[in-house]
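**Q** If you want the building blocks of each chain, they are given just below.
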Amino acid sequence: GNSVTQMEGPVTLSEEAFLTINCTYTATGYPSLFWYVQYPGEGLQLLLKATKADDKGSNKGFEATYRKETTSFHLEKGSVQVSDSAVYFCALSDPVSGAGSYQLTFGKGTKLSVIP
Amino acid sequence: NAGVTQTPKFQVLKTGQSMTLQCAQDMNHEYMSWYRQDPGMGLRLIHYSVGAGITDQGEVPNGYNVSRSTTEDFPLRLLSAAPSQTSVYFCASSLLGGGGNEQYFGPGTRLTVT
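Listed in order, the protein sequences are those of chains S and B.
The numbering of the first sequence is my numbering, which starts it at 1 and goes up by one.
The numbering of the second sequence is my numbering, which starts it at 1 and goes up by one.
Calculated from the structure, these hints are not laboratory results.
If you're wondering where the values come from, they're calculated on a predicted model, not measured in any experiment.
Virtual Cβ for every residue (Gly too), placed ideally from N, Cα, C.
It is possible that part of the hints are untrue.
If you anchor each label on the Cβ, the simulated ranges turn out as follows [as the list claims (entries may be wrong)]:
1. B:Thr70 with S:Gly41: 27 to 33 Å
2. B:Gln22 with S:Gly41: 15 to 21 Å
3. B:Ala2 with S:Gly29: 31 to 37 Å
4. B:Thr86 with S:Ser3: 22 to 28 Å
5. S:Asp54 with B:Gly16: 50 to 56 Å
6. B:Asn62 with S:Gly41: 27 to 33 Å
7. S:Phe18 with B:Gly63: 42 to 48 Å
8. S:Thr20 with B:Val12: 38 to 44 Å
Some chain S residues near chain B, calculated using beta-carbon distances under 10 Å [stated by the list, open to error]:
9. Tyr36
10. Gln38
11. Gly41
12. Gly43
13. Leu46
14. Lys49
15. Lys52
16. Phe89
17. Ala91
18. Ser93
19. Tyr102
20. Leu104
21. Phe106
22. Gly107
23. Lys108
24. Gly109
Residues from chain B that keep clear of chain S, each with C-beta distances beyond 10 Å, as calculated [said to hold, decoys possible]:
25. Gln17
26. Ala24
27. Pro61
28. Arg68
29. Thr70
30. Pro83
31. Thr114
Isolated chain S (complex conformation):
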């Protein structure tokens, strides 16, 4: 079956530090890959996505590249801010046939805290 593994947290960084959160996946087909972010007390919102190999998703200074050869989708940001403190989830949807193809499989989440 499908699965997503992301690095354990929590991660604590100083403001302006470089961020990497690792994510690897297992899928039966050719999945779309996502990073969702959850701010305290809120629901999840899409941060970025990539739908095919070698695509790069980017948003708000965050980037992730779909690497089929290493089955990875690592999240990076060059300079984090206090406002980036949140929980980050890597996820995939696997477009195999059938109605279940839109299901998201999530990693367990990585909590990021950025200190001034």
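With the hints as your guide, set chain B onto chain S.
**A** Below, chain B without anything else, positioned relative to chain S:
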């Protein structure tokens, strides 16, 4: 657009009680789903629907029922609450068409079963 709305925001139940968590979306999305979020577990799919009158089970369906009588609404029913159902519940919706579409999440319902 209000997006995806969920009620109530918080709920406390006693073991054995039943209740319905409400979810509605105003984006005319065909696909709707329910997840539960538990510490260290990520989000796990409970039930989903690809349109009115069509529902199916996800990863953790036991103890929950759903129905989809309209495109807009997708209520989740707890038949007989158990402490193991203490969790945060999220409803989500998206367009159909390829699996790469963004899912929009509601703000969540925090449920405690005592």
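**Q** So, for every hint listed, does it hold in this structure?
**A** Hint check:
no. : hint                             : in the structure
1   : B:Thr70 with S:Gly41: 27 to 33 Å : holds, 29 Å
2   : B:Gln22 with S:Gly41: 15 to 21 Å : holds, 19 Å
3   : B:Ala2 with S:Gly29: 31 to 37 Å  : holds, 34 Å
4   : B:Thr86 with S:Ser3: 22 to 28 Å  : holds, 25 Å
5   : S:Asp54 with B:Gly16: 50 to 56 Å : holds, 53 Å
6   : B:Asn62 with S:Gly41: 27 to 33 Å : holds, 28 Å
7   : S:Phe18 with B:Gly63: 42 to 48 Å : holds, 44 Å
8   : S:Thr20 with B:Val12: 38 to 44 Å : holds, 40 Å
9   : Tyr36                            : holds, 8 Å
10  : Gln38                            : holds, 9 Å
11  : Gly41                            : holds, 8 Å
12  : Gly43                            : holds, 4 Å
13  : Leu46                            : holds, 5 Å
14  : Lys49                            : holds, 7 Å
15  : Lys52                            : holds, 9 Å
16  : Phe89                            : holds, 6 Å
17  : Ala91                            : holds, 8 Å
18  : Ser93                            : holds, 4 Å
19  : Tyr102                           : holds, 5 Å
20  : Leu104                           : holds, 6 Å
21  : Phe106                           : holds, 4 Å
22  : Gly107                           : holds, 6 Å
23  : Lys108                           : holds, 4 Å
24  : Gly109                           : holds, 6 Å
25  : Gln17                            : holds, 25 Å
26  : Ala24                            : holds, 14 Å
27  : Pro61                            : holds, 13 Å
28  : Arg68                            : holds, 12 Å
29  : Thr70                            : holds, 18 Å
30  : Pro83                            : holds, 22 Å
31  : Thr114                           : holds, 22 Å
No hint from the list above goes unmet by this structure.
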